[in-house]
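Peer 1: Use these hints to put chain B onto chain A, whose structure you have.
Heads up: the sequence lines are chains A and B, in that order.
Taking our numbering, the leading residue of the first sequence gets 1, the next gets one more, and so forth.
Taking our numbering, the leading residue of the second sequence gets 1001, the next gets one more, and so forth.
Keep in mind the hints are simulated off the structure, nothing from the lab.
Keep in mind that the hints are not guaranteed to be accurate.
[Said to hold, decoys possible] Derived DMTMM-like pairs: lysine to aspartate or glutamate, alpha-carbon spacing no greater than 20 Å straight-line: (1) A:Lys65 - A:Glu47; (2) B:Lys1047 - A:Asp109; (3) A:Lys44 - B:Glu1085; (4) B:Lys1108 - A:Glu47; (5) B:Lys1047 - B:Asp1087.
[Claimed, not checked] Quick look at which bits of chain B chain A covers, simulated, 3 or more residues with Cβ under 8 Å: (6) 1024-1036; (7) 1047-1059; (8) 1062-1070.
No experiment lies behind these values; they were computed from the predicted model shown.
Beta carbons are placed, not taken as given, at the ideal position from N, Cα and C, and that holds for glycine.
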Amino acid sequence: QVRLLESGPGLLKPSETLSLTCTVSGFSISSGYYWGWIRHLPGKGLEWIATMYQRGITYYNVFLKGRVTMSVDTSRNQFSLNLTSVTAADTAVYYCARRVGAAGDYYFDSWGQGTLVTVSS
Amino acid sequence: QSVLTQPPSVSGAPGQRITISCTGGSSNLGADYNVHWYQQIPGSSPKLLIYDNTNRPSGVPDRFSGSKSGTSASLAITGLQAEDEADYYCQSYDSSLSGLVLFGGGTKLTVL
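Pulled out of the complex, with its shape left as it was, chain A reads as follows:
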């Protein structure tokens, strides 16, 4: 059974860069599938951030205006998220997840427990 676990700083100041890592166990990310990041904004809903394949094919939410990058480390069975120039609007619970499906019919079948990130001066 695949398990995902997010890790990273819980508190950031405005303008800093958020770096999160997702450690996957029970499944080798080299074996396939896309992997992604989703966040839950307080008082709002879920927002998709980015998705990446282990060979570097990446899709980003255009509404995050180029602030996002994803990377993968197959040797550690991890993937990461960087979000630059954070503001209070980036305060959220961040989830990593596995994406399945094909041809546009994508969904997330396994999720991490989430990590709260607060941006405050």
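Peer 2: Chain B only, in chain A's frame:
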């Protein structure tokens, strides 16, 4: 950002049937992309409830069902139970923006 519209809240008594709607447009549900549903109990991560419009992952009770027609989709819960109280999100894909995965705004289900 969300162009999948859900009602903010629904409620029902134990044992009743409720439905949650999800309305999209011509570049997502209307473009024949499938809809998927997640349940999120407060304090927990989202859980896949329905995928590809109507399919339930293993372990999801058959009290949960999904449907889709044109630009709209629905999640139905029959035999409502207290443990069903949660937030429910629909999700699809939008072809108007490269690689965009869309979530609905979420619906809070209250079991009276």
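Peer 1: Each hint should be assessed against the structure and marked as holding or not.
Peer 2: Taking the hints in turn, this is what the structure says about them:
Taken as a hint, the Lys65 of chain A and Glu47 of chain A pair is honoured in the structure, with Cα atoms around 14 Å apart against an allowance of 20 Å. Simply put, Lys1047 of chain B and Asp109 of chain A have alpha-carbon atoms about 8 Å apart, close enough for the 20 Å limit, and the pair holds. A hinted pair counts as satisfied when its Cα atoms are at most 20 Å apart, and Lys44 of chain A with Glu1085 of chain B qualifies at roughly 17 Å. In summary, the hint linking Lys1108 of chain B to Glu47 of chain A is supported, as the alpha carbons are separated by about 17 Å, within the 20 Å threshold.
Annotation: proposed proximity of Lys1047 of chain B to Asp1087 of chain B holds, straight-line Cα distance about 10 Å (limit 20 Å). Here's how the stretch 1024-1036 of chain B fares: 3 of its residues keep a CB closer than 8 Å to some CB of chain A, so the rule of at least three is met and the hint holds. Coverage of the stretch 1047-1059 of chain B by chain A holds in this model, with 5 residues showing a Cβ closer than 8 Å to a Cβ of that chain against a need of three. Three residues within the 8 Å Cβ limit are the bar, and the stretch 1062-1070 of chain B against chain A gives 0, so the coverage statement is violated.
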